[in-house]
Amino acid sequence: MVFSSLGFLFRFLPVFMLIYLIVPAKYRNIVLLVGSLFFYGVGEPYFVLLLILSVLVNYGLSKYMFWEPRSSQPDRGKKRARRRKTALISALVIDFGILFVFKYWDFTAGVINDLANRETIPLLMLALPLGISFYTFQMVSYQIDCYRGTMEEPAGFISFAAYVSMFPQLIAGPIVRYDEVSDRMAGRKIRIRDLENGLKLFTVGLGLKVLLANQIGTLWNTIMSAGAGNLHITVAWLGAIAYSFQIYFDFWGYSVMAMGLGKMLGFRIPRNFDDPYVSRSISEFWRRWHITLGRWFREYVYFPMGGSRKGSLRTVVNLFVVWACTGLWHGANWNFLLWGMLFFLILTVEKNSYGRKLEQSKVIGHIYTLVIIPITWVVFAITDLGQLVAYLGNLFGIHRAAVMVGMPQLERYLQQYWVLLIACILFATPFPRRWYQRWKDRWFMVVVLLLIFWFSVREIMVGSNNPFLYFRF
Amino acid sequence: MKKKKATAQKKRVKHGQQRKNNAKRAQNSAKQQKKSSAGKIKSSSASQQKKNTVQQKKSNVEQPKKSNAEQPKKSNAGQAKVSAEQLKKSGAEQPKKKATEQSSKSSTSQKHNTKQKQKQGSTEQRKDSEDRKQSSTEQRNSSSVQTKVSAERRRGKPEQKKSEWKEILYNCPYVLGIVFTSLIVMLWSDEIGFKAIAREAQTVMVQSGMIGDSGQTELEKHLLLEEDDELSADKPESEAGNEDVLENNSEIDDKLEENAGKRKDESDDKENDNDLQNDISNEENIENTEGAQGIGKGITKFEIYDPQEIDSIYYSDAGKVALTTEYPYTKENIGYFHDAAFLGDSRTLGISDYAGLEEADFYCDSGMMIFKLLEEKVTYQKTGDKVDLNQVLQEKQYGKIYIMLGMNELGYGNTEMYLEQYRKVLNQIKEWQPQAIIYVMANLHVSREKNNMETEFNNININDKNAASAQLANGTDIFYLDVNPLFTDSDGFLNADLSFDGVHLYAQHYDVWREFLLEHAVEPAEVAEE
Numbered sequence: 312m313v314f315s316s317l318g319f320l321f322r323f324l325p326v327f328m329l330i331y332l333i334v335p336a337k338y339r340n341i342v343l344l345v346g347s348l349f350f351y352g353v354g355e356p357y358f359v360l361l362l363i364l365s366v367l368v369n370y371g372l373s374k375y376m377f378w379e380p381r382s383s384q385p386d387r388g389k390k391r392a393r394r395r396k397t398a399l400i401s402a403l404v405i406d407f408g409i410l411f412v413f414k415y416w417d418f419t420a421g422v423i424n425d426l427a428n429r430e431t432i433p434l435l436m437l438a439l440p441l442g443i444s445f446y447t448f449q450m451v452s453y454q455i456d457c458y459r460g461t462m463e464e465p466a467g468f469i470s471f472a473a474y475v476s477m478f479p480q481l482i483a484g485p486i487v488r489y490d491e492v493s494d495r496m497a498g499r500k501i502r503i504r505d506l507e508n509g510l511k512l513f514t515v516g517l518g519l520k521v522l523l524a525n526q527i528g529t530l531w532n533t534i535m536s537a538g539a540g541n542l543h544i545t546v547a548w549l550g551a552i553a554y555s556f557q558i559y560f561d562f563w564g565y566s567v568m569a570m571g572l573g574k575m576l577g578f579r580i581p582r583n584f585d586d587p588y589v590s591r592s593i594s595e596f597w598r599r600w601h602i603t604l605g606r607w608f609r610e611y612v613y614f615p616m617g618g619s620r621k622g623s624l625r626t627v628v629n630l631f632v633v634w635a636c637t638g639l640w641h642g643a644n645w646n647f648l649l650w651g652m653l654f655f656l657i658l659t660v661e662k663n664s665y666g667r668k669l670e671q672s673k674v675i676g677h678i679y680t681l682v683i684i685p686i687t688w689v690v691f692a693i694t695d696l697g698q699l700v701a702y703l704g705n706l707f708g709i710h711r712a713a714v715m716v717g718m719p720q721l722e723r724y725l726q727q728y729w730v731l732l733i734a735c736i737l738f739a740t741p742f743p744r745r746w747y748q749r750w751k752d753r754w755f756m757v758v759v760l761l762l763i764f765w766f767s768v769r770e771i772m773v774g775s776n777n778p779f780l781y782f783r784f
Numbered sequence: 075m076k077k078k079k080a081t082a083q084k085k086r087v088k089h090g091q092q093r094k095n096n097a098k099r100a101q102n103s104a105k106q107q108k109k110s111s112a113g114k115i116k117s118s119s120a121s122q123q124k125k126n127t128v129q130q131k132k133s134n135v136e137q138p139k140k141s142n143a144e145q146p147k148k149s150n151a152g153q154a155k156v157s158a159e160q161l162k163k164s165g166a167e168q169p170k171k172k173a174t175e176q177s178s179k180s181s182t183s184q185k186h187n188t189k190q191k192q193k194q195g196s197t198e199q200r201k202d203s204e205d206r207k208q209s210s211t212e213q214r215n216s217s218s219v220q221t222k223v224s225a226e227r228r229r230g231k232p233e234q235k236k237s238e239w240k241e242i243l244y245n246c247p248y249v250l251g252i253v254f255t256s257l258i259v260m261l262w263s264d265e266i267g268f269k270a271i272a273r274e275a276q277t278v279m280v281q282s283g284m285i286g287d288s289g290q291t292e293l294e295k296h297l298l299l300e301e302d303d304e305l306s307a308d309k310p311e312s313e314a315g316n317e318d319v320l321e322n323n324s325e326i327d328d329k330l331e332e333n334a335g336k337r338k339d340e341s342d343d344k345e346n347d348n349d350l351q352n353d354i355s356n357e358e359n360i361e362n363t364e365g366a367q368g369i370g371k372g373i374t375k376f377e378i379y380d381p382q383e384i385d386s387i388y389y390s391d392a393g394k395v396a397l398t399t400e401y402p403y404t405k406e407n408i409g410y411f412h413d414a415a416f417l418g419d420s421r422t423l424g425i426s427d428y429a430g431l432e433e434a435d436f437y438c439d440s441g442m443m444i445f446k447l448l449e450e451k452v453t454y455q456k457t458g459d460k461v462d463l464n465q466v467l468q469e470k471q472y473g474k475i476y477i478m479l480g481m482n483e484l485g486y487g488n489t490e491m492y493l494e495q496y497r498k499v500l501n502q503i504k505e506w507q508p509q510a511i512i513y514v515m516a517n518l519h520v521s522r523e524k525n526n527m528e529t530e531f532n533n534i535n536i537n538d539k540n541a542a543s544a545q546l547a548n549g550t551d552i553f554y555l556d557v558n559p560l561f562t563d564s565d566g567f568l569n570a571d572l573s574f575d576g577v578h579l580y581a582q583h584y585d586v587w588r589e590f591l592l593e594h595a596v597e598p599a600e601v602a603e604e
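Chains as they are written, first to last, in this note's numbering: chain A, 312 to 784; chain B, 75 to 604.
Just so you know, the hints here were simulated from the structure itself, not pulled from any lab data.
Certain hints may be false.
As the list claims (entries may be wrong) - Just so you have them, the derived chain B footprint on chain A, three or more residues with Cβ under 8 Å:
#, region
1, 357–369
2, 708–718
Unchecked claim - Under 8 Å between C-beta atoms, here's a sample of chain B residues computed to sit facing chain A:
#, residue
3, Ile242
4, Cys246
5, Ile252
6, Trp262
7, Ile266
8, Asp427
Idealized CB from N, CA, C, for every residue including glycine.
Please construct the entire structure, taking both the sequences and the accompanying hints into account.
Printed below as a string of structure tokens:
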């Protein structure tokens, strides 16, 4: 089920919220768990079993990590350390193993088969379970936190299961750490203000997704429909910009909706985006884009490997690993790896040379970011390498085929989309959020948000299929 | 006077905040304050204490009555504090008058002011409470005051509950707005409303066999009945379809009669032929709508297959695929399009953009529908202006008119409505453009990836629409052209290599389409001769 569907808005959410508010506080976690599993099961009737299985196994392992045998033996500490290590390693192997089988098996097998020039490893052709990348990362973060001892005591089963499967962030993040929700898991009060503000936030996210991302997405689709390789340089850039907006508002909208829903349920889900497109360097961009994912890789990969404290060569190696993983996390395909590598290159160069200067500059940094980011998104968007090369060529005015989409089409696109483009530019700046913060409690904001909500609903009704871009990652 | 006092108080508040720098914590320790105030009372003289309690009573009674609903829950605690403050002040030998003045002020003043005072009261109280900690042992003596206070509290409770409700209303206008509007919409809307819920529930119940006496025999009977329906559905349906077509043909023919005359008898003959042909064609798995074999007369054939059960309000499985009208087409060159008009949606836009038909006129928009074609303005691609087709088609005569519409209709109305509207549009165009040959172009299928049987966005639905529109082809001036075989695989899915989104062809493949159109040209002269 997606948030921007009529089934969610007019069936699941009202019924769930009603039950959730009526039941006594101590049953809320159970209601949340059951509701979330239902939410997941509607879209993925079989994979919900996989989710439940993962939760059970991970819970068992985390329990084992904290388990103490009664009899006190002389080498207790040693044994405990070994036990913890065993539990952690098995959790990592199981979690990443499942992720690998479902997400990376076919890609890896394809590569090996290509290298061997015959079919050595059979392809599995498995469908990707919804949100598996997100919930796997959450469970892994929990296990590592348990191992490190940042968690004083293991979560109860219901709390842990509800944490992993909580429907606001189950399928497309943000990737929440357990300590961010643990106190609310233990007991939370749902205040009227939170309900109100949460619903408002949810509406804002819905508007971003439906009224901006989906709409500008049609421009990218139109341009790509003409075919990468046929595009005039201006059209190619317009397409790249359109896609940059689409993916941002899509994902940001989703995260905001998750935050809003979290608030309505009495949780505080962390922010995932902080106006990434006004960054002055690519490093800054990644501090503002998909913050919870960047945090995950930093805390659980980059720092454990030594971060930047073990000499410059080691730093480069660490960065390489992190960015290769980040790229592949987004999808099992060459273009995602390439995309990660692109960031590795840019960030390494930035770190060692002009990065700091850029961030101090007022204009150049912004221009630099705004030129580079659309190119990276093109690499991200086009999975077919031949088409990708053709499109990148078009971005720099290099054509192998005749230009078929030129000025007349550009003129038409601009005529059709200029209002939307301006709106997108505006919403990529920090101003709308500031306005929202200032005015959200005013009465006219209620009217504005109601309009946004119902316009979005109308759009959803008109356009029947609009799967989230970020769903299958 | 009052103002001055207020500012003075504010200053004091500031001072207090600076000192403690945490007014909230101070408020939280309201209980403590009460205790300490009680302690204070003890320290002041007995007579004053009496008066104070009276005063406190007054203010406490007054306030719940006067304070309107806007005052939040805290107000009670605040009142206690305020009165405690009075106690303190009078304890510090302040004239009685001022104290009463203040109490009345606090009860009538705005919410904002009261809050301020509450803060002030609490901060000052805190000071005092610290000063007089040692006197807390004497608390017991002042218990009478406390019980009175709590009695006041109890009395104020029902009203407070009311204000709590009002507070809820006041604090969540948006939630209420959404709930309220949703209820209205759900009462009214067919798609998301209670009607839809009832419908969904019913289908679920029917599917799970909860409706009716769910004995096995009953269920079997039900199934048998359904099968019967299916079996018998084939023939009558296609016959009905043919009747429709014939009706329509005669309709158009009627109009032709005015122009060309002497067609009526022929068409009657054809009707008979047609019936015969149908019987034969059903056996051969090929079905003709227009059976006449005369020279210069095209035949539109259908390939029959076993239809699937479809549970959708938008479409059903037609059970047949329409083929390009059979006709001795001529091959023309690009000049053929000099008097051609193309009407359609985003895919016709693709032809306009990339097929290189410079001379033809294109009237198309993304999202165009057969239902909107004559109702709304359409973009004339040569100028980019929005034009009214009603006007254009009456003013300018075309030799050929190509129409391709149906994709945006997949989830709108149903196939019968689509066919009705298509027929209406064609009749209208024939009226305005008696000389023109009309090409009804099949809607291009979608790719396997895009094909979604759970929604209405799939090739069976597209095929349903195509088969419907193909019925309108009469082989004389309306022809059905199916471009699908050029671009689809053996299962009828659009080749994935030809499209980015599984719906629109890449720009470079429209050449193939153009060649197809040129190879399927009808000489207008031939029609005129007839």
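We went through each hint and held it up to the structure:
1. 357–369: violated (count 0)
2. 708–718: holds (count 3)
3. Ile242: holds (5 Å)
4. Cys246: Given a least distance of 4 Å, the restraint on Cys246/B holds.
5. Ile252: holds (6 Å)
6. Trp262: violated (13 Å)
7. Ile266: Hint on Ile266/B: holds, closest Cβ of chain A at ~5 Å, below 8 Å.
8. Asp427: holds (6 Å)
Figure legend: structure checked against the earlier numbered hints; hints not met, in rising order: 1, 6.
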